[in-house]
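Build the full structure now, drawing on both the sequences and the hints.
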Amino acid sequence: MLRPLAIPLHMLRLCGSCELSSLQRGVFLVLYTRVDDDRVVLSPLSKDLREFYCFVVGPRGPFSSVLYEAVMKSLSELGYVRVSVRGSGVTVSSGSRLSSEIPELSEEVMERVERVSRLVRSIDPELLNNLCLRVLGIPRRSVARFVGRRVDEIVESILSARRVVDRVLSEFENLVSEAAGGKLLGEAAAGI
Amino acid sequence: MERLPLGSRIVVDSEFLHSVVDPSNPLREHYAALLELLYLGRIHSIEIPPYTVLAFVSELIDPSSRRGVVVSLESVEGLKRVSSISERIGALLAAIRDRIVMQRYRLGRWLCERMPRHPLCAEAREALEALCPRISSPELAQDVAKALRLVEKAREVSGREPSLWRALIAAYAHRIARTSTRPVFVVSSDSVYSDMGVPWIDIRDVERVGYARLESESG
Chain A
1 MLRPLAIPLH MLRLCGSCEL SSLQRGVFLV LYTRVDDDRV VLSPLSKDLR EFYCFVVGPR
61 GPFSSVLYEA VMKSLSELGY VRVSVRGSGV TVSSGSRLSS EIPELSEEVM ERVERVSRLV
121 RSIDPELLNN LCLRVLGIPR RSVARFVGRR VDEIVESILS ARRVVDRVLS EFENLVSEAA
181 GGKLLGEAAA GI
Chain B
1 MERLPLGSRI VVDSEFLHSV VDPSNPLREH YAALLELLYL GRIHSIEIPP YTVLAFVSEL
61 IDPSSRRGVV VSLESVEGLK RVSSISERIG ALLAAIRDRI VMQRYRLGRW LCERMPRHPL
121 CAEAREALEA LCPRISSPEL AQDVAKALRL VEKAREVSGR EPSLWRALIA AYAHRIARTS
181 TRPVFVVSSD SVYSDMGVPW IDIRDVERVG YARLESESG
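Note that the protein sequences, when read in sequence, are chains A and B.
So the first sequence is numbered by my numbering: it starts at 1 and just counts up by one.
So the second sequence is numbered by my numbering: it starts at 1 and just counts up by one.
All clues given are correct.
One side only, chain B facing chain A, incomplete, derived with CB under 10 angstroms:
#1 R3
#2 V20
#3 P23
#4 R28
#5 A33
#6 L37
#7 Y39
#8 L40
#9 G41
#10 R42
#11 E207
#12 R208
#13 V209
#14 Y211
#15 L214
With beta-carbon atoms standing in for the labels, derived distance ranges:
#16 B/A145 x A/S170: 40 to 46 angstroms
#17 A/D48 x B/S191: 46 to 52 angstroms
#18 A/L98 x B/P23: 52 to 58 angstroms
#19 B/S158 x A/D124: 34 to 40 angstroms
#20 A/R3 x B/P116: 49 to 55 angstroms
#21 A/E19 x B/A145: 55 to 61 angstroms
Facing chain B, a subset of chain A residues (Cβ under 7 angstroms, in silico):
#22 D38
#23 R39
#24 L131
#25 V135
#26 S142
#27 V165
Think of the hints as simulated: they come from the structure by calculation, not from any bench.
For each residue, glycine too, the CB sits at the ideal point set by N, CA and C.
Below you can see the structure in the form of structure tokens.
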């Protein structure tokens with residue numbers, strides 16, 4: 001149980017403290033994306049990790065009830081995290097448990113955690129929500145139509161769309177270059 | 001994506017066809033993004049009116065076109081080549097229709113085969129047919145008259161004069177928007193559509209799904 005939860009624990013160790021909503025988006029970003037210089041790219045980690053969290057689309061961004069429950073109950077009771085509630089906001093920080101007790105992560109996952117932690121520290125929570133929705137191709141004003149949908153399902157359909165579109169475009173390139181008429185279009189394209 | 005409302009009908013001009021046949025076209029990734037949105041069902045349809053196809057052919061064969069001289073209509077050989085281009089465009093549209101639109105609406109197709117009167121069939125059929133809409137003679141006359149007025153309008157607004165093809169595409173978009181229950185947009189890099197008063201979205205703002213720029217979030 002604790003091994004997959006090492007992601008938010010390492011993130012909190014690096015961030016110090018953050019809003020619970022930012023921790024949710026941060027874990028989503030680690031599980032589903034990689035940060036390349038100036039952009040975030042959809043690139044999911046292994047299915048078992050993703051399935052553990054069961055992320056769905058919430059009104060403000062990706063949300064995992066497994067993560068919510070763990071932070072509010074087990075991790076808090078075990079002393080891994082400290083939770084403070086102010087009004088409707090929940091802030092989470094590293095607990096009294098020694099960081100050496102947190103299970104280690106693979107190099108790839110740890111690198112993602114480090115990059116995302118830097119993002120969580122530097123970006124306003126509202127912008128972080130927008131970033132996550134943008135990666136999922138969900139327009140901010142239309143988020144209500146996606147609430148409750150499984151993130152894994154959405155991600156699979158995006159990856160499938162990418163494969164289909166790339167294949168059709170490359171197939172058509174071949175079609176164009178193979179036939180005599182294709183040669184003509186090829187020449188035309190070269191002149192553009 | 002942010003500016004494209006879900007379920008929109010998208011009308012494209014010849015830029016779309018150029019981007020598909022030319023791997024080095026700088027707009028190719030953006031039009032690929034548009035195809036992804038269609039596959040994902042985020043937009044209702046991509047419509048390629050006959051004016052788009054005719055504009056594409058004319059740009060390939062027009063010796064004065066900046067897009068490069070390819071063939072001349074003056075020779076018989078040229079005519080053969082034009083016919084060959086038309087076949088290629090047909091193949092292109094078939095590829096897009098079969099691989100992308102059909103996949104998107106595969107459930108609709110299955111339903112239509114078994115229960116042709118099911119209300120969902122009408123929508124699936126409409127989306128499939130939207131790729132290459134037919135235009136009747138009265139509609140053509142209507143579009144031509146409107147296009148001429150739109151050329152004037154653009155000239156007044158910006159001093160720029162759109163090509164007749166683009167004016168016809170704008171007229172087409174205006175016409176279908178009048179009766180459509182869905183939002184209609186022309187998607188192109190040419191802002192002249194905006195001068196003609198058509199809801200227009202710059203294709204360069206349409207990015208592939210699954211990517212997000214950090215600068216737009218932190219800036």
